[in-house]
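Assemble the complex: chain A is given as a structure, and chain B must be docked to it using the hints.
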Amino acid sequence: MASMRKKYGWVLDAMSNASMATRAVALKQFLRGKKQYLSKTDSHADLDAVIKCALCPNMCKFDCPVLAAAQNDATSPSGKARLAYLIETGRIDSSDAVDLIYACCNCDACREWCPFDFSAGDILRGVRADLVGQKQMPPEAAELHQHLQEHHVLHDRAIRPDAARQADVLYYMGCEVASAHPEIAKAMTALLDDSCAMLPEEWCCGAPLYSLGFDDTFEEFARHNAAALEESGCSQLVCSCPTCTYMYREIYPSIGVDLPVEVQHSTEYLHERVETGALQLGSLGTSCVYHDPCTLARSLDVTDAPRELLRHIGVDITEAYYAGKNTGCCGRGGSLGTTHPDLAAAITRQRIDELHRANQTIVTACPTCNTAFTSAGADVTDVTELLREARERA
Amino acid sequence: MAYDTIYSSGAALDDDVIAQLRSIMPDGVSTREADRVVYGKDYWPISLRWLLDGRLPALPDAVVWPENAEQIAKVMRLANEHGFPVVPYGEGSGVVGGAIPVKGGVMLDMRRMHDIVSIDDEGLMATVQTGINGMTLERELNRAGYTLGHIPQSLYCSSLGGWLACRAAGQFSTKYGKIEDMLVSLEAVLPDGTVIRSRPVPRTSTGPPVERLMLGSEGTLGVVTEATLKIWPYPERRALHAYTFDDIEDALEATRHIMRKNVYPAVMRIYDEHETLRHFDVKHRCMLILVMEGDPELVELEEDISARICTRFNGRDMGETPAERWLETRFKVKESSEFTPRGFIFDTVEISVGWRQALQTYRAIIEAMQAVTGVVVASGHASHFYPQGVCFYFTFGGLPRKRTPYEFYRTVWDAIMASCLEHGGSISHHHGIGLIRQKWLADELDGRLHMLRHIKQALDPNHVMNPGKMSDRKEGDHG
Chain A
1 MASMRKKYGW
11 VLDAMSNASM
21 ATRAVALKQF
31 LRGKKQYLSK
41 TDSHADLDAV
51 IKCALCPNMC
61 KFDCPVLAAA
71 QNDATSPSGK
81 ARLAYLIETG
91 RIDSSDAVDL
101 IYACCNCDAC
111 REWCPFDFSA
121 GDILRGVRAD
131 LVGQKQMPPE
141 AAELHQHLQE
151 HHVLHDRAIR
161 PDAARQADVL
171 YYMGCEVASA
181 HPEIAKAMTA
191 LLDDSCAMLP
201 EEWCCGAPLY
211 SLGFDDTFEE
221 FARHNAAALE
231 ESGCSQLVCS
241 CPTCTYMYRE
251 IYPSIGVDLP
261 VEVQHSTEYL
271 HERVETGALQ
281 LGSLGTSCVY
291 HDPCTLARSL
301 DVTDAPRELL
311 RHIGVDITEA
321 YYAGKNTGCC
331 GRGGSLGTTH
341 PDLAAAITRQ
351 RIDELHRANQ
361 TIVTACPTCN
371 TAFTSAGADV
381 TDVTELLREA
391 RERA
Chain B
1001 MAYDTIYSSG
1011 AALDDDVIAQ
1021 LRSIMPDGVS
1031 TREADRVVYG
1041 KDYWPISLRW
1051 LLDGRLPALP
1061 DAVVWPENAE
1071 QIAKVMRLAN
1081 EHGFPVVPYG
1091 EGSGVVGGAI
1101 PVKGGVMLDM
1111 RRMHDIVSID
1121 DEGLMATVQT
1131 GINGMTLERE
1141 LNRAGYTLGH
1151 IPQSLYCSSL
1161 GGWLACRAAG
1171 QFSTKYGKIE
1181 DMLVSLEAVL
1191 PDGTVIRSRP
1201 VPRTSTGPPV
1211 ERLMLGSEGT
1221 LGVVTEATLK
1231 IWPYPERRAL
1241 HAYTFDDIED
1251 ALEATRHIMR
1261 KNVYPAVMRI
1271 YDEHETLRHF
1281 DVKHRCMLIL
1291 VMEGDPELVE
1301 LEEDISARIC
1311 TRFNGRDMGE
1321 TPAERWLETR
1331 FKVKESSEFT
1341 PRGFIFDTVE
1351 ISVGWRQALQ
1361 TYRAIIEAMQ
1371 AVTGVVVASG
1381 HASHFYPQGV
1391 CFYFTFGGLP
1401 RKRTPYEFYR
1411 TVWDAIMASC
1421 LEHGGSISHH
1431 HGIGLIRQKW
1441 LADELDGRLH
1451 MLRHIKQALD
1461 PNHVMNPGKM
1471 SDRKEGDHG
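Residue numbers (this note's numbering), protein chains in the order written: chain A, 1 to 394; chain B, 1001 to 1479.
Each hint should be verified, as a subset may be incorrect.
Partial list, computed: chain B residues near chain A (C-beta under 7 Å) [claimed, not checked]:
| # | residue |
| --- | --- |
| 1 | Y1003 |
| 2 | V1038 |
| 3 | S1093 |
| 4 | T1136 |
Simulated pairs of lysine-lysine, DSS-like, Cα-Cα distance not exceeding 27 Å [said to hold, decoys possible]:
| # | chain 1 | residue 1 | chain 2 | residue 2 |
| --- | --- | --- | --- | --- |
| 5 | A | K7 | B | K1332 |
| 6 | A | K7 | A | K34 |
| 7 | B | K1283 | A | K28 |
Hints in this document: simulated from the structure, not taken from any laboratory.
Being a predicted model, the structure only gives us computed values, none of them experimental.
Glycine residues also receive a C-beta, built at the ideal position from the N, C-alpha and C atoms.
Looking at chain A on its own, in the form it has when it is part of the complex:
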């Protein structure tokens, strides 16, 4: 109540010139007025947030990579929220707008500029869950869901751990490393002296299910993974993928799936090992531009650790103009590469162009960003791979 008074005290002050009758009505409206627009109860969507975003002048739109690539205001954050409101209230047929509701790369750039600390990805997730409930999701999303239900991983694995091993540290590759970047897993295990445990049958962390609105299946994956981790007996989970890290660290607990382990991204964990002297590294004497993965920089607030690791091994970083929390998306976040491959590819090209203005050699710390850039022909290396190289020179 005290915070409300501080926040809205100016309204009370401004009301001092209004009549008693107006003040009484104003107070009643202020406290209860919203109910008429929030009466829908069977929705997964946070309608209050949808409305706030829909009524905003779109103050984040300039930083939306989807809008920049699609060049259509209907893909802007507030444009999508407007459509979401009309869908949620049954004003427009969702089938006409469903692809727009899924046109988001979950990069959270919008959150940086939002006075309510919203992100379009968060707002749209609930709307998508409603669309899933009505079986209105895009066919690409339905196929991905079915694939995960059947195979439990996004892609065929190119690498499999030999057998379960007991260790305090469990290294979780994630789907992208396991399928497209086995070299990252090899580098990581080498840096850990092959002393880490790995799950012989990793399931996807569930991030695509979460962002695409398959809430029930996501919870099933979360519970499976939590049980597998518990069974492993590890006390620390280290992930190569920022999104896996974010899921395990932040999202699982938010749906009531608590993990009895500390969760870190590989750069956080390795940075600590370097700081304590547990990991000795040589110098490479090269240069690169470091691409901040959106989830690592914005959701996990990790921008220094990868840079310090790179500097520690003598890599000269040429910063991109848009770096750190002002990074640009690789285009593959939020499963955009699955639902909107052309849009994702356009965003990838935008980001590569930006990075190449700084340096032709791109280093990142996210296997999905790595895949996006590599697929577009760019020269990309993971921080872990460079660290392994430096280890060999130590």
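For chain B alone, kept in the frame of chain A given last:
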């Protein structure tokens, strides 16, 4: 569809016209409902209430995305041939209904024309396509070591084309000027498809600058496609100051005297007591925010002169903190999102007035707003300054009570407009006319409206460009 439209739900363009549009822009035409829903509006506050109630301002028949002036010229020729409306669209952040396609037709989204064509360091000019987003332009200029100095609150969600179309003003305008002061030359497509270009020279004496008719025409006389703008080296130093005054009269006098000294702080803003409490949590005072920037020696001089003048008018030095707070929060636009769902009707109204009438105009307009039944909030600040006068920016908020939302909204607007004109002010400083001010345009323009109509008739005899705007006094039923 389960929604109503306040104005048009389309001009019923036939398939042949759509096919011809597609032949001009093979990749740039949409008739899907979702796109038309998003493009059938701008950021006119009353339309936010309509949205919540399931009522959309209007629906265009199609949205098109041209990539060059030639394509726009072809669209205009087609529009004249078939008589359909064309409404230029920048970022849709206008707050007076100017981009609403009240007669349907084609929304001409300029966003694909977003390149910075060139930067001339010697001449301090940048040539830019007008579909560029404001923040994108400013960030890229900053990156290259310059600033445009045009920083409206809508910077993040407005475009260069929109600024030119409504003669916009930014928060730093007291030093850098308004968009028309920044414009050196332009390229535009006229309603008949003719492309005109002026020269990027500092001044000409070659007859009336007819190309400047585009400025403030709100899409009714043509589409500006490219502009050469003045730019400045990124300021070496920025100084922040704040003073509070016993009342708004002293604050206004201080700023008037700063102007008389030929000192132009980039930012000068005076908040009345209500807004000082709202933004700075300071009671019973009026806050003056000053931001000086540029060459360090000049900034220091401006600081000294301004400080002496503020002290002379009993200004209390508040240090940097309030100005820092203003800088940090100036783009946090929350009110509409917070209060519209609660049933409140909010809007802001800017006017300009000469110094001689400034104080009494401010007081009269505050009283006029408060006199409308249902008004809860009536406040104001001054945000753009000249040696000749000032721009006041009023905020009102309230509940319609026994009227429709639009009737309440219209009544408050009319009270402000009438009071402004009565005191010799101009009914708009920088938001433009759009739909809400049309009713009062004749009272302000008088004989000039006749002239404007002649110009419109000469340039756009078929009234295809943004019809229903600028000179039409009739209003529809807004419920």
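Against the structure, the hints:
no., hint, in the structure
1, Y1003, "holds, 5 Å"
2, V1038, "holds, 4 Å"
3, S1093, "holds, 5 Å"
4, T1136, "holds, 5 Å"
5, A/K7 - B/K1332, "holds, 14 Å"
6, A/K7 - A/K34, "holds, 18 Å"
7, B/K1283 - A/K28, "holds, 26 Å"
Checked against the numbered hints above, the structure breaks none of them.
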